[in-house]
Amino acid sequence: KVYRALSKKCSVVAIKKVKLAGMDRKAIEGYANEISLLKRLRGNPAIIQMYDSEVDIQRRSIFLVMELGEVDLNNVLQQRALSKTSRSLNMNFIRLTWQQMLSAVHCIHEERIIHSDLKPANFLFVRGALKLIDFGIAKAIMNEDTTNIYRENHIGTLNYMSPEAILDTGSGQDGPRMKIGRASDVWSLGCILYEMVYGKTPFYKLHFIQKLQAIVNPGHKINFPEDDDAEAAIDAMKLCLCRNPEERPPIVGKDGLLNEHWFLHAKRRSR
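In this note's numbering, the protein residues as written are 7 to 277.
Treat the hints loosely; a few may be bogus.
[What the hints assert, rightly or not] Dumping the calculated EDC-like pairs for lysine to aspartate or glutamate here, alpha-carbon to alpha-carbon at most 16 angstroms: (1) Lys25 - Asp62; (2) Lys7 - Glu73; (3) Lys23 - Glu117; (4) Lys22 - Glu76; (5) Lys14 - Glu76; (6) Lys14 - Asp62; (7) Lys45 - Glu117; (8) Lys22 - Asp58; (9) Lys45 - Asp30; (10) Lys211 - Asp261; (11) Lys15 - Glu60; (12) Lys244 - Glu232; (13) Lys244 - Asp261; (14) Lys45 - Asp140; (15) Lys25 - Glu60; (16) Lys14 - Glu73; (17) Lys7 - Asp140; (18) Lys227 - Asp261; (19) Lys14 - Asp30; (20) Lys15 - Glu76.
[Said to hold, decoys possible] Distance windows between CB atoms, simulated: (21) Ala272 - Lys7: 18 to 28 angstroms; (22) Asp235 - Arg31: 47 to 57 angstroms; (23) Ile172 - Lys32: 17 to 27 angstroms; (24) Asp58 - Lys227: 46 to 56 angstroms; (25) Phe230 - Leu26: 40 to 50 angstroms; (26) Val71 - Asn98: 30 to 40 angstroms; (27) Lys45 - Asn96: 29 to 39 angstroms; (28) Lys227 - Lys23: 39 to 49 angstroms; (29) Lys260 - Met29: 22 to 32 angstroms; (30) His213 - Val71: 17 to 27 angstroms; (31) Ile172 - Glu117: 42 to 52 angstroms; (32) Ala272 - Gly28: 17 to 27 angstroms; (33) Val18 - Pro51: 13 to 23 angstroms; (34) Gln216 - Asp58: 42 to 52 angstroms.
To be clear, the hints were calculated from the coordinates, so they are not data collected in a lab.
Using N, Cα and C, we set each Cβ at its ideal position, and we do this for glycine too.
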């Protein structure tokens with residue numbers, strides 16, 4: 007449950023109450039991980055702020071005092087889906103939202119963190135600015151090259167999950183492990199951009215098993231309907247939705263989505 011509350015400084019905050027009763031160890035670890043990462047990211051303007059946290063043993067609950075947001079991106083997209091127009095999201099709004107999404111994810115990547123579960127519901131508008139939330143399954147990158155981590159099970163949201171997050175890249179005595187890198191977050195961002203432009207996720211027509219198979223199958227072509235107004239956005243999402251993670255562009259750097267791609271930098275299209 008999430009409550010609105012008034013702080014001692016007379017500012018409105020959100021209090022998130024999580025009941026631990028009946029929760030398995032993995033879920034509890036997820037919340038502990040979220041608290042740890044939010045403390046680490048405190049002060050970052052692109053990340054939702056946690057002001058305080060408490061574990062109440064007697065009530066078997068966790069309380070998080072958080073920055074209060076107005077609406078998440080998923081709600082905005084749902085409202086658009088219910089509208090009678092083919093696209094109620096203005097391209098300038100999509101461009102600005104995309105820029106803020108990239109900036110937020112770049113911030114956590116710079117802190118050697120992979121989110122692993124990016125989806126519209128995890129981007130919250132706070133006083134008009136977009137912020138990244140929900141770090142329950144995010145992981146700090148442990149190895150030296152800051153490229154990949156391994157995780158023990160699939161937890162991300164399927165509509166936005168990358169091929170490498172689905173494919174088993176090796177098994178050991180402790181069970182399947184998956185190699186997940188920053189490029190996995192880039193795939194998820196591409197799925198969100200696709201949804202902002204087209205109103206649907208890339209594999210929305212498929213049932214669960216079909217969707218799993220299609221995401222990892224290079225032979226399954228993703229449909230990108232032509233749209234003159236969205237040409238640059240479509241080019242960006244095509245780059246993000248490359249099944250080979252090594253071929254996806256970085257967020258920042260050479261051919262970076264944030265600092266070089268012509269969706270955000272129209273003058274660079276000629277390159």
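Evaluation of the provided hints:
no.	hint	result
1	Lys25 - Asp62	holds (10 angstroms)
2	Lys7 - Glu73	holds (15 angstroms)
3	Lys23 - Glu117	violated (27 angstroms)
4	Lys22 - Glu76	holds (15 angstroms)
5	Lys14 - Glu76	violated (21 angstroms)
6	Lys14 - Asp62	violated (21 angstroms)
7	Lys45 - Glu117	holds (12 angstroms)
8	Lys22 - Asp58	holds (11 angstroms)
9	Lys45 - Asp30	violated (23 angstroms)
10	Lys211 - Asp261	violated (32 angstroms)
11	Lys15 - Glu60	violated (19 angstroms)
12	Lys244 - Glu232	holds (12 angstroms)
13	Lys244 - Asp261	holds (14 angstroms)
14	Lys45 - Asp140	holds (13 angstroms)
15	Lys25 - Glu60	holds (12 angstroms)
16	Lys14 - Glu73	holds (14 angstroms)
17	Lys7 - Asp140	holds (14 angstroms)
18	Lys227 - Asp261	violated (24 angstroms)
19	Lys14 - Asp30	violated (35 angstroms)
20	Lys15 - Glu76	violated (20 angstroms)
21	Ala272 - Lys7: 18 to 28 angstroms	violated (45 angstroms)
22	Asp235 - Arg31: 47 to 57 angstroms	holds (49 angstroms)
23	Ile172 - Lys32: 17 to 27 angstroms	holds (19 angstroms)
24	Asp58 - Lys227: 46 to 56 angstroms	holds (49 angstroms)
25	Phe230 - Leu26: 40 to 50 angstroms	holds (45 angstroms)
26	Val71 - Asn98: 30 to 40 angstroms	holds (34 angstroms)
27	Lys45 - Asn96: 29 to 39 angstroms	holds (37 angstroms)
28	Lys227 - Lys23: 39 to 49 angstroms	holds (45 angstroms)
29	Lys260 - Met29: 22 to 32 angstroms	violated (44 angstroms)
30	His213 - Val71: 17 to 27 angstroms	violated (41 angstroms)
31	Ile172 - Glu117: 42 to 52 angstroms	violated (26 angstroms)
32	Ala272 - Gly28: 17 to 27 angstroms	violated (53 angstroms)
33	Val18 - Pro51: 13 to 23 angstroms	holds (18 angstroms)
34	Gln216 - Asp58: 42 to 52 angstroms	holds (45 angstroms)
Comparing the model with each numbered hint stated earlier shows that hints 3, 5, 6, 9, 10, 11, 18, 19, 20, 21, 29, 30, 31 and 32 do not hold.
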